[in-house]
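Produce the entire structure from the sequences given, and follow the hints as far as they go.
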Amino acid sequence: MTTLNELYQEIILDHYRQPRGRGELEPPKITQEGFNPSCGDEVILDLRARDGRIEDIRFRGRGCSISQASASMLTEAMQGKTLDEARALIQQVLALVKGEAEGDLDTLGDIAALAGVRHFPVRVKCATLAWHALDEALEQLG
Amino acid sequence: MTTTFTLDAREIRRQFPFFQPHSEMRSVVYLDNAATTQKPYAVIEAVSNFWAHHNANVHRGGHGAGAKASELYEAARARVAQFLNAREPAEIVFTRGTTEAINLVASSWGEAFVKAGDEIIVTEMEHHANLLPWMRLAEKQGAHLKVWRITDDGRLNLDDLERLLTERTRLVAVSHISNVLGTVNPVAAICQRAHAAGALCLVDAAQSVAHLPVDVRATDCDFLAFSGHKAYGPTGIGVLYAKRALLEATPPYHVGGGMVQIVRWDRLVWAEPPAKFEAGTPPIGEAVGLHAALDFIDAIGRDAIERYERELTAYALERLQEVPDLRLHGPIPDRAGIFAFSLGEIHPHDIATVLDTRDVAIRSGLHCAHPLGERLGGATARASLAIYNDTQHIDALIDALHEARRIFGRV
Chain U
-5 MTTLNELYQE IILDHYRQPR GRGELEPPKI TQEGFNPSCG DEVILDLRAR
45 DGRIEDIRFR GRGCSISQAS ASMLTEAMQG KTLDEARALI QQVLALVKGE
95 AEGDLDTLGD IAALAGVRHF PVRVKCATLA WHALDEALEQ LG
Chain A
2 MTTTFTLDAR EIRRQFPFFQ PHSEMRSVVY LDNAATTQKP YAVIEAVSNF
52 WAHHNANVHR GGHGAGAKAS ELYEAARARV AQFLNAREPA EIVFTRGTTE
102 AINLVASSWG EAFVKAGDEI IVTEMEHHAN LLPWMRLAEK QGAHLKVWRI
152 TDDGRLNLDD LERLLTERTR LVAVSHISNV LGTVNPVAAI CQRAHAAGAL
202 CLVDAAQSVA HLPVDVRATD CDFLAFSGHK AYGPTGIGVL YAKRALLEAT
252 PPYHVGGGMV QIVRWDRLVW AEPPAKFEAG TPPIGEAVGL HAALDFIDAI
302 GRDAIERYER ELTAYALERL QEVPDLRLHG PIPDRAGIFA FSLGEIHPHD
352 IATVLDTRDV AIRSGLHCAH PLGERLGGAT ARASLAIYND TQHIDALIDA
402 LHEARRIFGR V
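As they're listed, the protein sequences go chains U and A. Just so we're aligned, residue -5 is where the first sequence starts under the working numbering, counting upward by one. Just so we're aligned, residue 2 is where the second sequence starts under the working numbering, counting upward by one.
Treat the hints with care, since some could be wrong.
Over the 12 Å line for every Cβ pair with chain A, so calculated as not near, a few chain U residues [claimed, not checked]:
(1) 16
(2) 24
(3) 26
(4) 35
(5) 44
(6) 46
(7) 49
(8) 57
(9) 74
(10) 78
(11) 86
(12) 89
(13) 104
(14) 129
Simulated pairs of lysine to any residue, SDA-like, Cα-Cα distance not exceeding 25 Å [as the list claims (entries may be wrong)]:
(15) U:92 x U:29
(16) U:119 x A:362
(17) U:119 x U:109
(18) U:119 x A:346
Negatives, chain U to chain A, calculated, CB over 10 Å [claimed, not checked]:
(19) -4
(20) 13
(21) 31
(22) 34
(23) 52
(24) 56
(25) 73
(26) 81
(27) 83
(28) 96
(29) 99
(30) 103
(31) 106
(32) 130
(33) 135
No wet-lab data here; the hints were simulated from the structure. No residue lacks a Cβ here, since even glycine has one placed at the ideal position from N, Cα and C.
This is the structure:
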């Protein structure tokens, strides 16, 4: 597989073309925006937590295939996660796209496809945009 | 397409280490010249020679080396004055780049002469360097920032300017060539209209000095700014041209060493321009490099550069328009060699990545012109030409764009 095909895997393009978890939540919710000023990529997360779990999460935004597919994967993976599980997964994904992932990737499901980003340092910010936004949203929760 | 070209870009590329067989970058089709140009041997050697053999501070040391460094630095200033057709070298202030030059004007001239209720006109196509200093100044002074909107094909309409100008207008800030649209603005006519209304005019020439003749007296601009690194010179050096009387009336920018005549506890007398605006040790080696860059440009000839780049731009326009779903922003065909475009629904960032894997270097994003980006509907991909590019480079770009369409075919 060439590095380009590894980056633009069918799973990624599929999430880009048919994003999961796209939309807004009704209040009560926490909203967190992620924005990359150099390229204009934008992801807005809506999140509702209850009893230490993510009860629902949605995203809006515009941007490149990597940023939007990554946000789509995030919303899919985060439904029902405890806040601690969510924080751990964020760290795992950040390591993955930087090429620092260790251990078994199988547990990651679709998200494992983001590993192709590690060959493209300038695209790491695209892949991590939604995950950083979620990290900040979780901080709002305390 | 059978165009004859009046210049052989291969000959030009021989003057650049970046394009040589031993270079790591030799296979790169470099089309990001609006961001920065590559550097010819002549510039690299001039800078290296200065650091190796002539390094000393300027206007200070009581020794021969200092005198030589001062001589080289002032020779660079005189060269810039000649290059722009300024009246005298004292009209040339060295800065770190276009951004600092415009900040200098906005801070020092602006805070002294723009009052509450006054107006500043900026165009919708400005780079942040010629936008944010004016937004901040307007906010600080309680002045009004008026936006000169572009037409749908990316031009400025002089009648629109007439409607914006009032007796309260202090300044019109305009780029000579848009860093996104490639529009070549009629800066002489703009200056003339501004002056007729009693306003001054600042020209951001960052995208033009290396590509067409720039003459500050023919343009009759009051201020003009450009950067060395977009004109085959080093980073860290830029130029502010201003009419002598304006520099004399304008208070200093940074204060410190080298810009003052008398310092007593009860009395300060600033140095004459341009020294008044050059506090601290200036970028001496970079100024020497800029001197060499201007020599490089004039050795080819600015008319010859403009003619060749116009030929290559015509070729690029024709080939870009062959690509299905490609939407080119800016005027056609009358424009400079800067092409911002979108390609179907493929995001510009993805376009740039596909092109990069084929060694075609372009830029994607908002190009430091967010308000213009909003007008254009978001991020764009941008290819931009310089004197060393040729049809092979354009062909490589077009091939890579077809590849991007293939990969994202169903998006």
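Structure-based check of each hint:
1. 16: Residue 16 of chain U clear of chain A: closest Cβ-Cβ about 15 Å, beyond 12 Å.
2. 24: holds (26 Å)
3. 26: At about 21 Å from chain A, residue 26 of chain U clears the 12 Å cut-off, so the statement holds.
4. 35: At roughly 7 Å from the nearest Cβ of chain A, residue 35 of chain U sits no farther out than 12 Å, so the non-interface label is violated.
5. 44: Residue 44 of chain U clear of chain A: closest Cβ-Cβ about 35 Å, beyond 12 Å.
6. 46: Correct as stated: the minimum Cβ-Cβ distance to chain A is 36 Å, above 12 Å.
7. 49: holds (31 Å)
8. 57: Non-interface label fails for residue 57 of chain U: nearest chain A Cβ at 6 Å, not farther than 12 Å.
9. 74: holds (30 Å)
10. 78: It holds; residue 78 of chain U is separated from chain A by about 33 Å at its closest Cβ, greater than 12 Å.
11. 86: holds (24 Å)
12. 89: holds (21 Å)
13. 104: holds (18 Å)
14. 129: The assertion about residue 129 of chain U holds, with a minimum of 22 Å to chain A.
15. U:92 x U:29: Since the Cα atoms of residue 92 of chain U and residue 29 of chain U sit roughly 19 Å apart, the hinted pair holds (cutoff 25 Å).
16. U:119 x A:362: holds (19 Å)
17. U:119 x U:109: Holds, at about 13 Å.
18. U:119 x A:346: holds (21 Å)
19. -4: Violated: least Cβ distance 8 Å, not greater than 10 Å.
20. 13: Nearest chain A Cβ is 12 Å from residue 13 of chain U, so the label holds.
21. 31: Non-interface label fails for residue 31 of chain U: nearest chain A Cβ at 7 Å, not farther than 10 Å.
22. 34: violated (4 Å)
23. 52: holds (21 Å)
24. 56: violated (6 Å)
25. 73: The assertion about residue 73 of chain U holds, with a minimum of 26 Å to chain A.
26. 81: holds (28 Å)
27. 83: holds (25 Å)
28. 96: Given a closest Cβ separation of 26 Å, the condition holds.
29. 99: Fine: 22 Å to the nearest Cβ keeps residue 99 of chain U off the interface.
30. 103: For residue 103 of chain U, whose nearest Cβ neighbour in chain A is about 22 Å away, the distance exceeds 10 Å, so it holds.
31. 106: Residue 106 of chain U is indeed farther than 10 Å from all Cβ atoms of chain A, at 20 Å.
32. 130: Its Cβ never comes within 10 Å of chain A, the nearest being 22 Å, so this holds.
33. 135: holds (31 Å)
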